[in-house]
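Asker: Sequence:
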Amino acid sequence: MKKTIFEEMGGTYIRHGDYLIPCLTLPEEEEQRFIGVWGQRHLRYLKEYRRGIYLNLLTSGRLNDYLADIEERAQERFERIVEQMKQAQGITEELKADDTLEWIGKMSNIQVCAREIVEVEMIYTESV
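Residue numbers (this note's numbering): 1023 to 1150.
Calculated from the structure, these hints are not laboratory results. Hints may contain errors.
[To be verified] Each computed BS3-like pair below joins lysine-lysine, with the alpha-carbon atoms no more than 27 Å apart:
| id | residue 1 | residue 2 |
| --- | --- | --- |
| 1 | Lys1128 | Lys1108 |
| 2 | Lys1118 | Lys1128 |
| 3 | Lys1118 | Lys1108 |
Make the full structure from the sequences, and use the hints.
Answerer: This is the structure:
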């Protein structure tokens, strides 16, 4: 029987009944890095709206590293935006001690705004 291109490249098959199934494996990634909420949201975006990019990253073994990088950059951006908005609105630890409910309301508003900014700039965009 003539060798297929797959066999010439070092591939092998497993016989299941009358069918030959190629033995395919994904490349191993060096280490599993942490993927938090930002990375998970971007993963969901890639799966739903950028399927080709998702499959390319998955089959090349770079998906975990890519999502971990997105996670780190998005978290840093989120924290930076929150700090800048706190300074711009004059929110201090003194306000936290004096009027806790007002501080909670303002911080909640800032975090929602910062989350939306990060999602638009980094999560729901094609950033490969």
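Asker: Compare the structure with each hint and give your call.
Answerer: Status of each hint after checking the structure:
Distance check on the hinted pair: Lys1128 and Lys1108 sit about 9 Å apart at the alpha-carbon level, within 27 Å; holds. As the CA atoms of Lys1118 and Lys1128 are separated by approximately 10 Å, the hinted pair is consistent with the 27 Å bound. Distance check on the hinted pair: Lys1118 and Lys1108 sit about 12 Å apart at the alpha-carbon level, within 27 Å; holds.
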